[in-house]
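As they're listed, the protein sequences go chains A and B. With our numbering as the guide, the letters of the first sequence map in order to residues 8 to 897. With our numbering as the guide, the letters of the second sequence map in order to residues 8 to 897.
The set of hints was computed from the structure by calculation and includes no laboratory data. Quick caveat: nothing in here was measured; it's all calculated off a predicted structure. It is possible that part of the hints are untrue.
A pair counts as met if it fits within one copy or between any two copies, since identical chains are not told apart.
Stated by the list, open to error - Straight line, CA to CA, 25 Å or less: simulated DMTMM-like cross-link-like pairs of lysine to aspartate or glutamate: (1) 231 / 732; (2) 713 / 571; (3) 231 / 735; (4) 393 / 757; (5) 669 / 653; (6) 862 / 200; (7) 738 / 826; (8) 862 / 571; (9) 669 / 650; (10) 669 / 651; (11) 895 / 93; (12) 171 / 22; (13) 426 / 645; (14) 128 / 212; (15) 847 / 826; (16) 613 / 845; (17) 73 / 22; (18) 669 / 450; (19) 383 / 443; (20) 895 / 500; (21) 362 / 493; (22) 188 / 132.
Number of protein chains: 2
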Amino acid sequence: MASKFVFGFGGGSAEGGAQDRNLLGGKGANLAEMASIGIDVPPGFTITTEVCTHFTANNAYPDSLKTEVIAALKTVEDIVGTKFGDNHNPLLVSVRSGARVSMPGMMDTVLNLGLNDVTVKGLEENSENPRFAWDSYRRFIQMYSDVVLGVSHYHFEDLIEMHKEDNGHIKDTDLEADDWKKLCGAFLAKVEEELGKPFPQDPYDQLWGAIGAVFASWGVDRAKTYRRLHAIPEGWGTAVNVQAMVFGNMGDSSATGVAFTRNPATGDNEYYGEYLINAQGEDVVAGIRTPQFLTEQARVEAGAELPSMEVTLPEVYKQLTDNFDLLEDHYREMQDIEFTVQKGKLWLLQTRTGKRTAKAALKIAIDMVEEGKITKEEALLRIEAKSLDQLLHPTLDPDAERTVLTRGLPASPGAASGKVYFTADEAERQAATGAEVILVRVETSPEDIHGMHAASDILTSRGGMTSHAAVVARGMGRTCVAGAGELDVNVAEGVMRVAGHEIKAGEIITLDGSSGEVMLGEVAHQEPELAGEFSVLMNWADEVRTMQVRTNAETPKDVRTAREFGAEGIGLCRTEHMFFDAERIVAVRQMILADDVEGREVALAKILPMQRGDFAEIFEIMKGLPVTIRLLDPPLHEFLPREEAEFATVAEGMNVSAAQLKRRANELHESNPMLGHRGCRLGISYPEIYEMQTRAIFEGAIEAQKKTGQAIVPEIMIPLVALKEELDFLKERIDNVAKQVFAEKNSEIEYFVGTMIELPRAAITAGHIAETAEFFSFGTNDLTQTALGVSRDDAQTFLSEYLRLHIIHEDPFVSLDFEGVGELIKMAVERGRKTRPDIKMGICGEHGGDPRSIKFCQGAGLDYVSCSPFRVPIARLAAAQAALENKKNQ
Amino acid sequence: MASKFVFGFGGGSAEGGAQDRNLLGGKGANLAEMASIGIDVPPGFTITTEVCTHFTANNAYPDSLKTEVIAALKTVEDIVGTKFGDNHNPLLVSVRSGARVSMPGMMDTVLNLGLNDVTVKGLEENSENPRFAWDSYRRFIQMYSDVVLGVSHYHFEDLIEMHKEDNGHIKDTDLEADDWKKLCGAFLAKVEEELGKPFPQDPYDQLWGAIGAVFASWGVDRAKTYRRLHAIPEGWGTAVNVQAMVFGNMGDSSATGVAFTRNPATGDNEYYGEYLINAQGEDVVAGIRTPQFLTEQARVEAGAELPSMEVTLPEVYKQLTDNFDLLEDHYREMQDIEFTVQKGKLWLLQTRTGKRTAKAALKIAIDMVEEGKITKEEALLRIEAKSLDQLLHPTLDPDAERTVLTRGLPASPGAASGKVYFTADEAERQAATGAEVILVRVETSPEDIHGMHAASDILTSRGGMTSHAAVVARGMGRTCVAGAGELDVNVAEGVMRVAGHEIKAGEIITLDGSSGEVMLGEVAHQEPELAGEFSVLMNWADEVRTMQVRTNAETPKDVRTAREFGAEGIGLCRTEHMFFDAERIVAVRQMILADDVEGREVALAKILPMQRGDFAEIFEIMKGLPVTIRLLDPPLHEFLPREEAEFATVAEGMNVSAAQLKRRANELHESNPMLGHRGCRLGISYPEIYEMQTRAIFEGAIEAQKKTGQAIVPEIMIPLVALKEELDFLKERIDNVAKQVFAEKNSEIEYFVGTMIELPRAAITAGHIAETAEFFSFGTNDLTQTALGVSRDDAQTFLSEYLRLHIIHEDPFVSLDFEGVGELIKMAVERGRKTRPDIKMGICGEHGGDPRSIKFCQGAGLDYVSCSPFRVPIARLAAAQAALENKKNQ
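Produce the entire structure from the sequences given, and follow the hints as far as they go.
Right, dumping it as structure tokens:
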């Protein structure tokens, strides 16, 4: 055990610092750190955690403690220039607990300790505010009696209520100095009645009582339970912080305020803050009085009348801004500061890293690198990758008024207003007239794709963060609010009802895809500005990251967007989306209705040239960058109508009977389509489909190679493989098509055949599968569905409940389930590499755009992540952060 | 290299035996083995596989080979008493290849070698059958020319066709001796024309030609490919077997026949066989002439007129039966024998283990133990566990006439006839009148349970071996044919159509649940007789097995059946089946429609006493044996109606509006119910459901404990756990209910809380889950569905295709997928035991009754398997076999 138990701080120095967290607790170490760099914090001292341990074991303090405390208090008196218990100008202190980590359950704070029947009058004089003095005293009695003496708080509340009733007052604010004075008397009497002895009037008795209460509170049941649940050792103990009270309400040379060292909204390098003359901290927060600007520039810009602090208290202002510079230099971060001026003397109460907008975070990080305060690597680590979303999409004007109708899941970011329509066809028609359209559906299906393309935004009443609507919207960069369960969508009537409102087709609503809010009418929004800082940051990220970033895209528009955002290839080109085009869907349906191979081949021959065109265009845009094309994945029934009413229309368009169409739809119906006849199972049952697609890929690649002069190396990806034998069967056919096409075109290209790893069995047998597969792409959506046995379309009902009950902490469809799905990925990586050391591996599930998951991918040793175009910048930054953290941990 | 290249056999001895398989090939070693124990096989010799290796390497024979072959042939001549190339009584030989393992692609056989223009006349004299002699010669020329000389067979076929045309013959059988004689001439001329030299007339030239052709055929492409695909080393080589030809068609002292050493239908210890006088082997098989019985007893029993061999050839018969005894003693197995008698001399051509019925297999195994021929362990290993099914269910009379309408999957064994009905309600009504009813559905759902209970048998047009219909039928011991895809079931019209037949409600069909056949009308069937042998075998099995066998059952009837079949506990009691009872379903639906916890609790309170009764009864029957009860598993919508028409009826019965009922059904609708809101997810969303069930279990157990005086230790099983946290949440609630009930009843019982391991994530995190779970039960149905990503309800479309294409070799829902699902099980066992070494583990999926899967469970170290009642005996035997094999491998 150390020989020193009390560490002082204040007056320009401290006996400890940030490094002494274990001994001084978090709060004590922070205060010491500020003091040690010359910041004027209200002086005080910390009784170490070792005393707590000693006290817990022996129910007594170390011998020297009393002496040390009294000496430390003396130092505080000297710095402040008042005396503890002085009748005219008493030193008041706060007593707080402070463990290594913040810990609810323990005694928190006693304020204004040192007040008694005599010193309260000193405070009255000094503050020239009798109401404040007596109110402070009664608060002290209440707090101290409750937490130190164990007199239940309801006694005091009863007394206040009776007093108000007797005197016709309604609110506490109605009470004046005399009222509080009377109540102080009543409180003291009540304490004596309850305890059989008077409330301690000696400030030293008060102090030791509070110190003992803090240490004792370490051992109460609530604190013990908390420690058990959070694995905090009993032996850590808590420190006690005793600190001088300062007051900003002691006249016109007193003030209180909050400030940021830079503008937290824009990131501009300018002091930013507000203050109030003759006020306490809570007055600033409460918003009863209008705060004044700190700087003259801000005041002028805002056209405010009340003078700035720069003008009213120029010397204090100078001191304050010197402190700002000191703190920012010391912590190398923008700081959020609380301060109080007591009779012209500045005290800093607290400093911490300041919260900021995404835009500000970006600017501050870049500026600080330029100012030489931090390195590029630090700048990269300081920006939350997810927050970049805010920079890439329009956002609602934060000051605009709004009527929130309901809230769904923030499925795809952005903000936009538009007319609601309830069918894809109507949405498309209205969009064609130039209207901004919001497509509202219970849930969307691949059939709605054309409507989703046409619409600006999408709103659904069912489905989660990875529902069809959400995935497609993110892919297209459309705003989407999904699973707004309170919404009652009536397609037949053309109306949606929510929160007592009835919104008809053609009426306007606004969606906020970042908060999930659905609002009535039009709400003003701001367009994103991608300042130069954005590309500077992206370049820095690219310098350090080791994983490639690809995109999940298939339309030329999305592919171009992704390229602009820096995608280095396509990790997932979903060919089924290409089948829903109005021209093609008829041929696709003919294929599905065909009775035999010949019939299917006739229909497929119609689709071939269009698919070839799709692929050629994508290859051309990507100019030789890798393109992974997934062959047809969804079950065939997704291409047939679902609604009773549609059968007749579709049948007529196809020149078949509605009955025939419906019979086929019934034949294809599945109980669990997610686990049904899809993916490579289709490719095996109907080899001609994959053969057509493969031919389109090879022909398109040869065409693009000629046009661009770049070597095109398509990566053909087989979905839903569970067995190596499935892949063998299909690879043989793909190789045969390649031979045929190369012979016909008299031109050969390189190509790879690989597989999705999206079923647990595929992950487990990856060693086997890698004998055939030339690359793996982890389809973490389906892998999550199957590993956890959860349908993402149906999960919202219970996953939200799970989150509420803390059974899970993250939606596994948003952020990878490391323990389950993650282990399957690691297993597959290890086993796959053992068989084929140079096998390329990436992730193309929704998780490819989630920073936490990207970090996992780095650790698992993947070569790339692939995500929707608008997430590419996020992924680039997250990959850089993952690489930096990985390096740090090595 | 050895110094001996030719090994002779025959004449009561042999130079090799069964142990010389590598040197002599499979065929050569078998012939040597028979000869060495004194069986008269047609004599011959084997040229070793070493010669093949030498020949392949050097394209020449070892120096001493010629001398050895000639010496061996001399020995054959001596034994047979004829000479190779003799003009009057020529020795004819066959030349065959024979590798270690049977291998297609190589030269197979040349028969009748030694015939030429001269010796054919000797055969003509000797056989007194000129047509046979010339037919044999022309066949020899054809075969030899094709496989040895490389003259294509179509030349000869053309000549035969031309000859028939010229002579007005239609079939080959129309040709007489002279025709064949003329054709022999034409054949020889054609060979000379093709080769530019004559067909070899010297028998020795013929012999060396054939030997060389066999060795050369080892190196042809087809054989090489086969070896590559089956991992057969090139270096093995093939042997050549040269063996004397014998003929059963040389007059009335010649004969040919097939025989079994015991009755293969009944297993009775009596000789059993058929023969034909003056005939060749193919005549017996062809069925042109009616074969005669071997034994007099069989002839008399059958009332046949043609005399038995015992009477016609008594001496040969005596020799033959001596050989039977010799062979059975030697091979310690019932033998299936081919023999030929040539002019009074008996030759055995082949012996092998005889195929038999399940009944015979059982009797023979038990008899052989009693006769001291084999051990109990051998007896256990000799009976195919699956075949016991045949003994436990009625079977169709094999001789009964039948009109097969179509064929589905043999989903649940047995045979029965009944009137078809198309709804569960109608099936129940008709069964109540005493009719035998077959319930015919497209597929069944839990709502059909009452109809399935009432019906004798079940037929569906959709679904696989583990569809709802199949699983429930097996559980109830009902015959079931599932997934008969050609069947067009029209419930509305009350008719099913198949193969041009239209079968209306009330008409009779017959199902064979062991073959999957659906037959028109009534087909006679036989009731099972469980002879004493059955229980003898079961007792032996119980002595050696180390895994327990439990049952999956919940109705008192099934529980009793399972106990009679020897179940040692209940491994899976599915509580949802108990909810469909007419009395209860209304309360269940009220619970589902309730808006809040209170409403649900009111409804659950109605179900509580019934559930308590269910459990008490099961505990009483099981008298203290372990009972694992799974809490509610299926999604709630399974309890609501599906068909439009039913809503009104059900709503009326419940006193709610059809609209309300339908709205709730729509709310509960799921895209993939298999991965939806079910299992423990329900238990977490609606804790009151599991609390009611848990209360019923504890109250029922205390009640049963009082009645039986046995300690009842219920095992409460939580379904569909993916996360330890789910189990924690529910276990806490179960423990609370236990405390309450124990306090109320003033009685405590022991109980266990465990979990299904039926999701990949649960298997992966089993170490974690075992911290809470006190037992694991592998739900391999769902584990297979999720690991492979295959819905068992939808899989039939592609799994049958996969089987056809050899992408899989077993339906993974019938027999465990070792590589994928099996690895998950092993992982869970290992991780679970690491955390909790004494954790009890078993399997309760359908695989628990599959012998191959049971063997896996033994290897994985499970404590028990659990299966449907009628599979309990199969599981007992399979578990015994697994234990024996496991011991052998240690």
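Which of the numbered hints are not met once you compare them with the structure shown? 4, 6, 11, 12, 13, 16, 19, 20, 21
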